[in-house]
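S.K.: Residues per chain, in single letters:
2 protein chains.
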Amino acid sequence: LGGAMAAWARSVRGLLLDVSGVLYDSGGDGGVPIAGSVEAVRRIKASGLKLRFCTNETQATREKFVKKLQGMGFDISVAEVTSPAPAACRILKERCLRPHLLVHDDLIPEFAEIDKANPNCVVIGDAAENFTYTNLNEAFRILIGMEKPLLLSLGKGRYYKETDGLKLDVGAYMKALEYACDVQAEVVGKPAKKFFESALAEMGVPPQQAIMIGDDIVNDVGGAQRCGMRALQVRTGKYRPCDENHPDVKPDAYVNNLAEAVDIILQQM
Amino acid sequence: LGGAMAAWARSVRGLLLDVSGVLYDSGGDGGVPIAGSVEAVRRIKASGLKLRFCTNETQATREKFVKKLQGMGFDISVAEVTSPAPAACRILKERCLRPHLLVHDDLIPEFAEIDKANPNCVVIGDAAENFTYTNLNEAFRILIGMEKPLLLSLGKGRYYKETDGLKLDVGAYMKALEYACDVQAEVVGKPAKKFFESALAEMGVPPQQAIMIGDDIVNDVGGAQRCGMRALQVRTGKYRPCDENHPDVKPDAYVNNLAEAVDIILQQM
Chain A
1 LGGAMAAWAR SVRGLLLDVS GVLYDSGGDG GVPIAGSVEA VRRIKASGLK
51 LRFCTNETQA TREKFVKKLQ GMGFDISVAE VTSPAPAACR ILKERCLRPH
101 LLVHDDLIPE FAEIDKANPN CVVIGDAAEN FTYTNLNEAF RILIGMEKPL
151 LLSLGKGRYY KETDGLKLDV GAYMKALEYA CDVQAEVVGK PAKKFFESAL
201 AEMGVPPQQA IMIGDDIVND VGGAQRCGMR ALQVRTGKYR PCDENHPDVK
251 PDAYVNNLAE AVDIILQQM
Chain B
1 LGGAMAAWAR SVRGLLLDVS GVLYDSGGDG GVPIAGSVEA VRRIKASGLK
51 LRFCTNETQA TREKFVKKLQ GMGFDISVAE VTSPAPAACR ILKERCLRPH
101 LLVHDDLIPE FAEIDKANPN CVVIGDAAEN FTYTNLNEAF RILIGMEKPL
151 LLSLGKGRYY KETDGLKLDV GAYMKALEYA CDVQAEVVGK PAKKFFESAL
201 AEMGVPPQQA IMIGDDIVND VGGAQRCGMR ALQVRTGKYR PCDENHPDVK
251 PDAYVNNLAE AVDIILQQM
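Keeping their order, the protein sequence lines are chains A and B.
If you read the first sequence in the working numbering, its first letter stands for residue 1, the second for the next number, and so on.
If you read the second sequence in the working numbering, its first letter stands for residue 1, the second for the next number, and so on.
It cannot be assumed that every hint is accurate.
Which copy? The list can't say, so a pair holds if one copy fits it or any two copies do.
Heads up, simulated EDC-like pairs for lysine to aspartate or glutamate below, C-alpha to C-alpha not over 16 Å straight-line [to be verified]:
#1 Lys161 <-> Glu138
#2 Lys148 <-> Asp243
#3 Lys148 <-> Asp182
#4 Lys50 <-> Glu80
#5 Lys161 <-> Asp25
#6 Lys67 <-> Glu80
#7 Lys68 <-> Asp25
#8 Lys161 <-> Asp243
#9 Lys45 <-> Glu80
Source of the hints: derived by calculation from the structure; they are not laboratory data.
Predicted, not measured: the structure shown is a model, and the values here were computed from it.
Using the sequences plus the hints, can you model the full thing?
M.R.: Here you go:
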């Protein structure tokens, strides 16, 4: 990493952490923490750096998600989490949109206060087992029946890693509906600039003084950099060696894992 | 239609007919013939015009597909049908490819003679109910595990109409896998130029003397025109009024249905 990193790392005041693939590897059994990450979160908090968890997780409400992470030993609270569903709810309310939801059952409570009768848009999240042939056809028919189909996508990840292997993420299904309806989805969540900006605002740190740490070259690293932040890619989670030859995105540095990132950042302070 | 059509319709020697949405509307119950189409096929054959059925149907073997159409009263035989699965088998053999199949159960017999052990490509067709979350993840993992993922897609239709409504077609799922693996599928079937060319060769008619009749503005009309054929769009099947404002493709003429197309073409002869 060397001297070049040192210069900008010294001015850091806040960290944005991706969660899945950085703090833990998800899976059917709830998942397992990545070695050193529980302690790394504790050390960030002890250092006085501001911290915010910036996730595209849409398989559960923030409450349930945070409880799972607490169960693994992480020092994390709901108020510290920026995630797509609450951001989508703000958009739906502002623009008087009534969604048809193609999301995970456990995410539905986040939309409890939203009018869903007679839908005029479709919201797609990481619906996992709810990505059935029937449910995809239903969402498609609702979209194609609109004069101007409106699709909101909670993230646009290609895939993620669970303990039992790689899984297609919401972005793949978003592309299926985009193609079928000849529309472009509006992405809520990483890598949308607005989403990173609201995480930074919640933390009270300007982009030049914040570092994003994530395992996704496009959605974490590329998205954060387009907001003026520095971004590190961890070699955990969905990281693959070929990411290091990505044609468009180059992280400000690579680290083996979150623990190593925190070591290096705290050494510079 | 008028005089402009008359000029080129007079030199016609062969017709290529799309099947679903032109001859019949498909559905869970097998489907129903479109009014006038059974008689229209008979009239084409009686006229002396060459005829070939050019379909992207991949929910059944040609044998089963033809039997269904015969049951509806159509004069059609297996030897008159050009469809993607046999074309894919030729490619697989030529290039020593061993496919993982994500296709409809009823299509699998078409691949009986193909070695499928230790797959080095994925073949996707209109798998319908087989488009489960589990099956899509499996196909994705096989692709992403290849040094250079190779995806063959039996068509790239967006959607089609069954008696109980519109359904997502193979193209939507192809796009999902393309996006997840960052690859471009090789399309076998309409609108691939090679596919139309083999249908024309089987009929023994050059493109300038052939007319394609279909309900799909991109895959039937656009594909055939790129091969140098004239193409009519019927206002049955998946036809939607907004197709008439398509930014890239304009049929040589619109007809209400196959029966009307045949009326007009036979009048010119």
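S.K.: Now, for every hint given, state plainly whether the structure supports it.
M.R.: Right, here's what the structure says about each hint:
| no. | hint | verdict |
| --- | --- | --- |
| 1 | Lys161 <-> Glu138 | between (27 Å within a copy, 13 Å between copies) |
| 2 | Lys148 <-> Asp243 | between (36 Å within a copy, 14 Å between copies) |
| 3 | Lys148 <-> Asp182 | within (10 Å within a copy, 28 Å between copies) |
| 4 | Lys50 <-> Glu80 | within (10 Å within a copy, 70 Å between copies) |
| 5 | Lys161 <-> Asp25 | within (7 Å within a copy, 41 Å between copies) |
| 6 | Lys67 <-> Glu80 | within (13 Å within a copy, 62 Å between copies) |
| 7 | Lys68 <-> Asp25 | within (12 Å within a copy, 49 Å between copies) |
| 8 | Lys161 <-> Asp243 | within (15 Å within a copy, 40 Å between copies) |
| 9 | Lys45 <-> Glu80 | within (12 Å within a copy, 72 Å between copies) |
No hint from the list above goes unmet by this structure.
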